[in-house]
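Trainee: Protein sequence lines correspond, in order, to chains A and B.
Going by our numbering, the residue at position 23 of the first sequence is 23; the numbering climbs one at a time, nothing skipped.
Going by our numbering, the residue at position 249 of the second sequence is 249; the numbering climbs one at a time, nothing skipped.
Check the hints yourself; a few may be wrong.
As the list claims (entries may be wrong) - Distance windows between CB atoms, simulated:
id	chain 1	residue 1	chain 2	residue 2	range
1	B	L138	A	F277	38 to 46 angstroms
2	A	F278	B	G148	23 to 31 angstroms
3	B	K137	A	N124	52 to 60 angstroms
4	B	T246	A	P38	51 to 59 angstroms
5	B	K134	A	F204	21 to 29 angstroms
6	B	K137	A	G140	43 to 51 angstroms
7	B	P243	A	T28	20 to 28 angstroms
Derived from the structure by calculation, the hints contain no laboratory data.
By construction, the Cβ of each residue, glycine as well, lies at the ideal position given by its N, Cα and C atoms.
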Amino acid sequence: MKQKEIHGEEEQLKVKLFDRIFKPQVITLPNGKTVDRPRSRMPLILLALILVLYWALQMTGFDLSVITARFAKMLDLLKKIFQPDWTFFPKVINPLLDTIKMSILGTVIGCLLALPVAILSSSNINKNVAIVSFFRFILGLIRTLPTLILAQVCALIFSLGTFAGTVAISIFTFGIVAKMLFESIETIDMGPFEAMEALGADKFQAFWSACVPQILPVYLSHSLYCFEMNIRASAILGYVGAGGLGITINERVGWRDYNGLGMVLLTLFVVVVSIEFFSEYLRKKLS
Amino acid sequence: MIDSCITEKEKSHSMIEFKNVYKTYPNGFTALKDINLQIEQGEFVAVIGLSGAGKSTILRCINRMHDVTSGTLTVDGVDVNTLKGKELRKFRRKVGMIFQSFNLVSRSTAIKNVLTAEVPEMNFFRVLFGIFNKEQKLHALESLDKVGILSKAYTRCDQLSGGQQQRVALARTLNQNPQIILADEPVASLDPIMARQVMKDFVRINKDYNITILLNIHHVDLALQYCDRVIGVREGQIVFDGPAGTITQEQIDEVYNGTKVPTLGEE
Ligand SMILES: Nc1ncnc2c1ncn2[C@@H]1O[C@H](COP(=O)(O)OP(=O)(O)OP(=O)(O)O)[C@@H](O)[C@H]1O
Ligand SMILES: [Mg+2]
């Protein structure tokens, strides 16, 4: 009770600071009662947004004239890409399979590792603050690494090829899924857990029967979502030598064979879209 | 059956007995002050009182979800405070608990929820893979039948009404064959009609299976109508304890407003 009051006062103080500058509008009812309507903060936020945008444009040297000048060249390139070289298709299959294999294996490994770590990082289940913060720190660290850099490092360590790509995807998946999962675990209903303890279950039994059924569908859904991302991401990993379609893409660009490139992109497009459809369907079923 | 015969003969101890029980929470707040209470096997007792009076605390001390600070609390002849680990869990098997918010796994089916009552007695691998044998499944279905929702056995709990969910919770509790049921505001989140139905379920269970029931409730009228005995709690102390039929309006006012010093503490 007391705490709530103090909290309320604090909030009022904060409000006053803004409202002292922008006086609230006073609305008077017919019966003479008045109510203060605080001024909207929206104009201030908009102003800040515009300033940031202006600053970004300045910094990146964004210039419309460059786009118009190169427009013809862009059209020419796009035209070629949209006329894929069908004879190139057989050469796409193997790297494509590599890419898919890499994503599947990487996703599975990453997700398997993510489950126990997510459980250990959930503050409602693991009461040990030190362990919780340790794992969250590690997860934060992993997520700051861009996938491409991760793949490059893996390619350096494990030499070029699909193995490096798989390791990179595993690490990436691990970071993302563990983070999404522990956030979901923290919102589960702990009531059933309490009920299990009250009927004589030990901590493991209570967790397994009361929490896991709630976590499992979320876990599978996150894993599928990450798999979608990985298919897209792993296509690019070949760029840094981690195997798969990326190598072919790099090669075609190098040869200026834009029709071939078109074929590669078309295949990738079809695969990505169908996997996304499939995964979305599964995820809907899970919820 | 044999159990009840022995307690009948011995008559040496009550089912639940509080002796000078105090409960102070870790933050220093004393929620129970000098509670003395005896509840016999098969009684159906309502605990009434304002929010924060200590009703939940009383229930949670009985199955040791909370520790008592001083005094002794014996349940079926066992000093609850001495129980630890495995013994405590075994003790909890015979004390069922019902919650205001049902505490079911809402995305599991009714029967799955009822089956979880078997988990404490199963080995690691059966728990891990959720393997229940035919006997257990039949037993769970029987428990659902006892509260009249056998037809909903394979329905997901989030598709059941509040009253039906509370019945599933009741079935889960019956499935552990308890001697005592503690119910913490079991009808607080139900509409008046469902609240009555669930109260009737409690009465039936109390009479048919001779299970001791202790329930917290905010609706005095329901308490008076369905329970045998009423205990009024105010600021951590018992201010009324007697048969539901004998409580007067003044005594109820006393439990809730407490204008006078209570005199009805002991009987
Ligand atoms: N874990 C806790 N730590 C500290 N104080 C607590 C704790 N749980 C309950 N209390 C306090 O103990 C007192 C009794 O709480 P209790 O939950 O038993 O009340 P209640 O009678 O069940 O109330 P309600 O009708 O609102 O459920 C309250 O003042 C409450 O603030
Ligand atoms: Mg309560």
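Trainee: All hints are to be evaluated individually against the structure, with a verdict given for each.
Mentor: We went through each hint and held it up to the structure:
Range check, L138 (chain B) to F277 (chain A): about 43 angstroms between beta-carbon atoms, so the 38 to 46 angstroms window is met. Checked against the given bound of 23 to 31 angstroms, the beta carbons of F278 (chain A) and G148 (chain B), roughly 43 angstroms apart, lie outside it. Taking 52 to 60 angstroms as the suggested C-beta distance range, the pair K137 (chain B) and N124 (chain A) does not conform, at roughly 31 angstroms. Checked against the given bound of 51 to 59 angstroms, the beta carbons of T246 (chain B) and P38 (chain A), roughly 57 angstroms apart, stay inside it.
For the hinted restraint 21 to 29 angstroms between K134 (chain B) and F204 (chain A), the CB-CB distance of approximately 25 angstroms keeps it satisfied. Separated by about 45 angstroms at the C-beta atoms, K137 (chain B) and G140 (chain A) satisfy the suggested range of 43 to 51 angstroms. At roughly 59 angstroms, the beta carbons of P243 (chain B) and T28 (chain A) sit outside the given window of 20 to 28 angstroms.
Violation of the numbered hints given earlier is confined to hints 2, 3, 7; the remaining hints are satisfied by the structure.
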